[in-house]
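There are 2 protein chains.
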Amino acid sequence: MPSFHRHVFVCINERAPDHPKGCCKSRGGVEVRDRLKSELTARGLSKLVRANNAGCLDQCEQGVTVVVYPEQVWYGHVTVDDIAEIVDKHLIGGEVVTRLLLPDQPHLGERTAFGALEIGTSAR
Amino acid sequence: MPSFHRHVFVCINERAPDHPKGCCKSRGGVEVRDRLKSELTARGLSKLVRANNAGCLDQCEQGVTVVVYPEQVWYGHVTVDDIAEIVDKHLIGGEVVTRLLLPDQPHLGERTAFGALEIGTSAR
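Residue numbers (my numbering), protein chains in the order written: chain F, 3 to 126; chain D, 3 to 126.
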C-alpha cells in the first residue's frame, strides 16, 4: 500500500567539487537524509512517513533542500539540527516550520498548517 | 520558484544482483527516468514538470515505480514505452493512466482526473 501519509524528499545530488553551483551532497544532504530516517524510525513512523533521497531539486542556491508531499512544502538550508523540529512540528503535527521555508511558494497561499498525522496505537 | 506544477519521482534504487527483492535499477529505472526527462524537454515542459530520480520507494515487487505529486498517483511496472502516454495523458492532460496504477491507493478514492497543465505560450 503505497499511500504514505507524507513523503519527504531530500536532495543529495553530487557535483564536481569545482562546480560553481555547489551541491546538496557537499552541504550535508546525506547526513540530513540519514537523520530524517533515523528520527522517523525512532518514533515508529517509517510506515506512515517515507523519507527518500532525490536527485537535484533545482534549488541549488538554497543549501540542502527538502520537499514534503502531498502538501508541497519546500524547505531550504536544512541541517541535521533542524530535523527533529521538522519531524515533530510538520510531519507529525502538520504545522509548517516557517523559518525554513523557501521563498516564493505561491501554491501555499497563506497556509501554514496541514492535517496532523493520524497515529493509531497499532501504527507505532 | 520551486512550485513545479507536477513533480515526478522515478525509483532508480540499486541492490546487489543476488538480492531477492531485485531493484528498480536492474529493471530499467534509469532508462525510464532518462526517457521522462527527454520527453518533458522535447515538449518544453521542464520548468513546469520536474522529473527526479529517487531512492527506494518501497514498492520493489511492482517493477519500476513512479509517483506523481502533488496528486500522489503511483504507477508500477513502468517501461520506457509507457512514458509518452504518462506525459501526454497525465502530466499534461491531468488524466490518470489507469492501466499502470498500483493497486490499493485509497487516497485517490474514485478519482482518475486532475487538472490539466496550464501551458502558456511563454512557458513553452
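To be clear, the hints were calculated from the coordinates, so they are not data collected in a lab. Hints are supplied without guarantee of correctness; some may be wrong.
Given that identical chains are not distinguished, each listed pair holds provided it fits within a single copy or across any two copies.
[Claimed, not checked] Listed next, the in silico SDA-like pairs over lysine to any residue satisfying Cα-Cα at most 20 Å (straight line):
#1 Lys27 x Glu16
#2 Lys49 x Pro105
#3 Lys27 x Lys91
#4 Lys49 x Ala118
#5 Lys27 x Cys58
The hints, checked one at a time:
1. Lys27 x Glu16: both (5 Å within a copy, 19 Å between copies)
2. Lys49 x Pro105: Classified as between: cross-chain Cα gap 17 Å, same-chain 30 Å, threshold 20 Å.
3. Lys27 x Lys91: Neither: 25 Å inside a chain and 34 Å across chains, both beyond 20 Å.
4. Lys49 x Ala118: within (15 Å within a copy, 31 Å between copies)
5. Lys27 x Cys58: The answer is both: 10 Å in one copy and 18 Å across copies each meet 20 Å.
The structure shown violates just one earlier hint, number 3.
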